[in-house]
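Here the protein sequences come in this chain order: P and H.
Under this note's numbering, the first residue of the first sequence is numbered 8, with each subsequent residue one higher.
Under this note's numbering, the first residue of the second sequence is numbered 8, with each subsequent residue one higher.
Hints are not guaranteed to be accurate.
The list treats identical chains as one, so a pair stands whether inside a single copy or across any two.
[Unchecked claim] Straight-line alpha carbon distances no greater than 25 Å define the calculated PhoX-like cross-link-like pairs of lysine-lysine that follow:
1. K35 to K66
2. K191 to K160
3. K104 to K84
4. K120 to K191
5. K101 to K84
6. K159 to K191
7. K191 to K101
8. K35 to K101
9. K104 to K159
10. K153 to K78
11. K120 to K160
12. K101 to K120
13. K35 to K120
14. K78 to K101
15. K169 to K159
16. K35 to K153
17. K79 to K160
18. K191 to K104
19. K120 to K153
The set of hints was computed from the structure by calculation and includes no laboratory data.
2 protein chains.
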Amino acid sequence: MSNIDDILVLFERISRVLHNDGHAGGLKPTQWEALRYFSRANRFSRSPSALTAYLGMTKGTVSQTINALNKKGLIDKTVDDDDRRQVQIDLTTKGLKLLAQDPLESLAQSLSKLSGAQRQELHNDLGDFLRTTLRRRDGLPFGACKTCRYFKKNAPDGSPHKCGLLEEPLSASDSDLICVEHEKAG
Amino acid sequence: MSNIDDILVLFERISRVLHNDGHAGGLKPTQWEALRYFSRANRFSRSPSALTAYLGMTKGTVSQTINALNKKGLIDKTVDDDDRRQVQIDLTTKGLKLLAQDPLESLAQSLSKLSGAQRQELHNDLGDFLRTTLRRRDGLPFGACKTCRYFKKNAPDGSPHKCGLLEEPLSASDSDLICVEHEKAG
DNA sequence: AGCCATAGTATCGACTCAATACTAAAAGGA
DNA sequence: TCCTTTTAGTATTGAGTCGATACTATGGCT
């Protein structure tokens, strides 16, 4: 018998391990999450407000975290010229280099000890669980751009991919990254 | 194909949800973890040092967390008479009552949306993953007393269960709880 | 122009967390 | 028995988290 509370305890304890690991490299767990996010987000999503939605925290807190990363020289902030309220965040070379020492990767070894079948199960089951959970609390899924219902693949004539929601052309790399506006294709 | 990094991202995002939920009821995530721990630990394990091992933090930090819970009236601290260095922690009635509003339970609903097979898989796979991970970093497993190699079941003559390591009698409830000294039965 | 929504910053207070330094009690050896 | 070491826990400091609140600046809308 597989008790639901037992699974919750496993989640709790695994979360604690991740959290403890997050104190490496002079950063805090939340700072690693932010750094990772900006490395995986497409150009519509590299903003403080998108990170706020991703982390589910208040914008004040996120502002401080971004400030801390900025002071450490790991990210650059650029005011958007079209809408001067918005700020574009980009990893610096230093930020990219630090990401290569991401402490989360140390868990990859434990995962590689599992069988392929187990990894497949985990991928599916954790994915289902996360999606259900986010839906229950109106969280955004932040899926990969190219799996979005608004994604318009490039035509054979050589025109680029496009986002049907924002009416913007998409580079190949942007379409591989995650997006705030993501809605699962029907 | 099930990419290991994808699973790590799922862990990261689920951990964030747990963490955010942990700000309910006037407590902080770590305080909830401590409160939960003391409700699930047997009498050899309800001490600051055992919680330190469980959470994998430094004893200074744990001391502060315990102090915070004490100030809130959720736990009692008692100096051990046999060894006056040690402190026994027990939940107060108020602590037990608060535990009934544990925010972690809100995730039980998402888990119940999964199929029984998926829950079974999660239970097994997460358990394997956690055990492997803890072993890699010399963390203690904190299993249930009655599954320990030192657990000695009561004899038919009515004598109580016993811990073969500490040479102490075990009540029925103590044997169901988790223990710092736990080593898996061979 | 006037109003409201949106994007982000600033500050406060309680707390986390590692690091360091400390006290007190037990254990163990010469 | 004295003395040293180990164990259990506390106290303090400094950087950061985090929600709450209040604020500024920009853009949209009528």
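Which hints, by number, does the structure contradict? 7, 9, 10, 11, 12, 13, 16, 17, 18 and 19
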